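Enquirer: Sequence:
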Amino acid sequence: GGRHGGASAEERNRDEQGKRHQGFIRNLKDSYGFLQSADSEIQYFFHFSELRECEVQDLRNGTEVEYSLCYPARPNDKIMAVRVCPLPKGSIKLEEEILMNQEGVIVREMRETRGYDRNRKEGYGGRVKLVPASAPDTPPVEGEQNVNQPKKTDDKSQVYTFGGEDVKPREAGRWNPQEGDVVTFDVVMTRATKQQRATNITFVRAPEPPKEEREHGILSTVKDSFGFIRCADRDERLFFHISEFQDKNHMPRAGDEVEFSVAPDRDGRNTAVQIVVLPKGTVVFVAISPEKLVGVIERALRVPVPKKGGFGRDDARGREPFGGMLRYDEGEAGKTKVVKLNFDGDNLADPRGPHPLVGDQVEFQVCMDKPTKKKKAVQVKVISYSTEGREQGVLTKCKQGLPYAFIRCCDREEPVFLHQSEYQPAQFQNAQEDKKDEAAKEAVKTEAAKEAV
Numbered sequence: 086g087g088r089h090g091g092a093s094a095e096e097r098n099r100d101e102q103g104k105r106h107q108g109f110i111r112n113l114k115d116s117y118g119f120l121q122s123a124d125s126e127i128q129y130f131f132h133f134s135e136l137r138e139c140e141v142q143d144l145r146n147g148t149e150v151e152y153s154l155c156y157p158a159r160p161n162d163k164i165m166a167v168r169v170c171p172l173p174k175g176s177i178k179l180e181e182e183i184l185m186n187q188e189g190v191i192v193r194e195m196r197e198t199r200g201y202d203r204n205r206k207e208g209y210g211g212r213v214k215l216v217p218a219s220a221p222d223t224p225p226v227e228g229e230q231n232v233n234q235p236k237k238t239d240d241k242s243q244v245y246t247f248g249g250e251d252v253k254p255r256e257a258g259r260w261n262p263q264e265g266d267v268v269t270f271d272v273v274m275t276r277a278t279k280q281q282r283a284t285n286i287t288f289v290r291a292p293e294p295p296k297e298e299r300e301h302g303i304l305s306t307v308k309d310s311f312g313f314i315r316c317a318d319r320d321e322r323l324f325f326h327i328s329e330f331q332d333k334n335h336m337p338r339a340g341d342e343v344e345f346s347v348a349p350d351r352d353g354r355n356t357a358v359q360i361v362v363l364p365k366g367t368v369v370f371v372a373i374s375p376e377k378l379v380g381v382i383e384r385a386l387r388v389p390v391p392k393k394g395g396f397g398r399d400d401a402r403g404r405e406p407f408g409g410m411l412r413y414d415e416g417e418a419g420k421t422k423v424v425k426l427n428f429d430g431d432n433l434a435d436p437r438g439p440h441p442l443v444g445d446q447v448e449f450q451v452c453m454d455k456p457t458k459k460k461k462a463v464q465v466k467v468i469s470y471s472t473e474g475r476e477q478g479v480l481t482k483c484k485q486g487l488p489y490a491f492i493r494c495c496d497r498e499e500p501v502f503l504h505q506s507e508y509q510p511a512q513f514q515n516a517q518e519d520k521k522d523e524a525a526k527e528a529v530k531t532e533a534a535k536e537a538v
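To convert, note that position 320 of the sequence shown is 405 in our numbering; the numbers rise steadily by one, no gaps.
Warning: the hint list may mix true and false statements.
Said to hold, decoys possible - Taking lysine to any residue pairs in the SDA-like style, the calculated list, with each CA pair at most 20 Å apart, reads: (1) 308 with 340; (2) 296 with 331; (3) 466 with 501; (4) 466 with 331.
What the hints assert, rightly or not - Restraint ranges, calculated between C-beta atoms of paired labels, are given here: (5) 193 with 137: 19 to 27 Å; (6) 453 with 498: 44 to 52 Å; (7) 126 with 296: 33 to 41 Å; (8) 420 with 328: 48 to 56 Å; (9) 99 with 177: 23 to 31 Å; (10) 334 with 423: 24 to 32 Å; (11) 420 with 505: 43 to 51 Å; (12) 285 with 193: 15 to 23 Å; (13) 420 with 459: 33 to 41 Å; (14) 408 with 434: 12 to 20 Å; (15) 333 with 434: 44 to 52 Å.
Just so you know, the hints here were simulated from the structure itself, not pulled from any lab data.
All values derive from a computational prediction rather than experimental measurement.
C-beta atoms are modelled at their ideal positions from N, C-alpha and C, and glycine is treated no differently.
Turn these sequences into a full structure, and let the hints guide you.
Expert: Have a look at this one:
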């Protein structure tokens with residue numbers, strides 16, 4: 086039972102006159118008992134001689150009663166319940182309605198009860214977040230409480246707990262609220278603890294599914310009931326189960342092009358789900374920019390050197406030149422930056438034509454590898470030779486049917502070997518000469534204009 090302090094017992098008993106409290110019978114002994122207050126968690130002692138309008142035989146644990154309090158003269162003694170009268174069943178309301186028919190969103194699902202927890206028969210610990218009404222505040226009529234209007238707080242929203250007994254079943258049967266579900270609910274306050282919670286939770290609609298980004302790939306490995314996908318949009322191999330194929334009649338094979346979504350498994354690893362087979366040629370692993378850019382060769386291609394026994398059958402590079410690099414300016418005028426890109430022999434517009442050398446001006450396109458996001462230059466074509474290191478000479482020893490010749494040089498005594506793949510067609514040379522002539526004509530026109538002024 087409760088104890089008292091501060092004011093004297095006479096003053097407290099004087100203040101208590103005319104006051105009646107409500108509670109429940111908690112325990113009955115031979116000649117006394119204890120009752121539980123409906124407005125707090127305190128239990129009060131009472132003697133059977135304080136019963137009014139009933140007999141001891143009429144009382145049971147849980148019987149609703151009305152009583153007054155008597156404060157003893159000695160401070161250390163317990164407060165007693167006196168003039169205890171029974172009440173009709175249902176007279177005491179343990180909860181007060183605070184808000185009615187509010188809209189909210191489930192922010193945490195209920196926790197499952199454990200087998201050893203006998204006190205909990207339903208789920209518990211769920212949370213629902215109140216969605217503030219967009220309608221303007223309507224002041225209640227004077228003297229009345231508007232239970233449909235949320236109390237104004239500093240927060241834009243409030244979160245209330247709920248348990249399994251607070252959830253209303255759906256038409257299809259029992260329903261376990263899921264995170265993101267939109268619901269309506271009431272808010273009640275427990276008289277004894279003054280704590281608020283959500284109740285009468287009713288399902289409204291499920292959350293709108295997020296827009297899934299579909300990805301492409303090719304089946305790289307297929308086993309009995311699972312396999313792996315080489316992704317075109319990420320540098321990763323994804324596991325898939327055969328049950329994820331939307332066409333149940335399709336038998337997956339290595340090389341199939343597919344579209345899929347990505348979802349984590351129980352261990353948090355990415356897997357491919359909702360797989361759809363695509364027509365051949367749909368999946369691409371590179372993206373080539375249509376814009377043609379101009380750059381300068383910074384590093385010439387390297388020619389692979391064969392070993393003593395020649396090129397091996399399993400040589401990954403084969404016989405293609407590799408390791409070239411070019412640079413170009415990217416950005417608007419005044420805010421440009423130098424970008425460098427690598428290229429190999431198979432990235433030339435004409436792999437059999439002459440290889441660009443350091444200083445040559447080239448035209449090219451940018452190719453991005455979609456899984457790794459790495460870029461390189463492709464369709465590299467020389468549009469202007471560098472003037473540095475260029476010599477002149479005359480072709481000699483040109484025999485019909487032979488793929489080579491020799492050049493008698495103007496600046497050196499020894500002849501230079503020339504393979505026909507390095508011989509540039511005349512139209513390319515003429516184009517360069519035309520450019521030089523145009524530049525010379527423009528210079529002459531400029532000088533003439535200056536003299537005229």
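Enquirer: Is the gap between the beta carbons of residue 99 and residue 177 within 23 to 31 Å?
Expert: 27 Å, holds
Enquirer: In this structure, is the beta-carbon distance linking residue 408 and residue 434 contained in 12 to 20 Å?
Expert: Distance hint for residue 408, residue 434 holds at roughly 18 Å.
Enquirer: Could you check the hint for me, namely that residue 126 and residue 296 are 33 to 41 Å apart, CB to CB?
Expert: 50 Å, violated
Enquirer: Does the hinted range 44 to 52 Å hold for residue 333 and residue 434 at CB?
Expert: Given range 44 to 52 Å: holds, Cβ gap about 47 Å.
Enquirer: Lying within 19 to 27 Å: is that true of the beta-carbon distance residue 193 to residue 137?
Expert: At 48 Å between Cβs, range violated.
Enquirer: Measuring from beta carbon to beta carbon, are residue 453 and residue 498 in 44 to 52 Å?
Expert: At 49 Å between Cβs, range holds.
Enquirer: Given the hint of 33 to 41 Å, is the C-beta distance from residue 420 to residue 459 inside that range or not?
Expert: Given about 24 Å between the Cβ atoms, the range is violated.
Enquirer: Just tell me: holds or violated, for the beta carbon distance of residue 420 and residue 505 against 43 to 51 Å?
Expert: 45 Å, holds
Enquirer: Quick check: does the Cβ-Cβ distance between residue 285 and residue 193 fall within 15 to 23 Å?
Expert: 18 Å, holds
Enquirer: With a cut-off of 20 Å on the C-alpha distance, tell me whether residue 308 and residue 340 pass.
Expert: 13 Å, holds
Enquirer: Please check whether residue 334 and residue 423 have a Cβ separation lying inside 24 to 32 Å.
Expert: About 55 Å separates the Cβ atoms of residue 334 and residue 423, which means 24 to 32 Å is violated.
Enquirer: Should the hint that residue 420 and residue 328 are 48 to 56 Å apart at their CB atoms be regarded as holding?
Expert: 53 Å, holds
Of the numbered hints listed earlier, those contradicted by the structure are 3, 4, 5, 7, 10 and 13.
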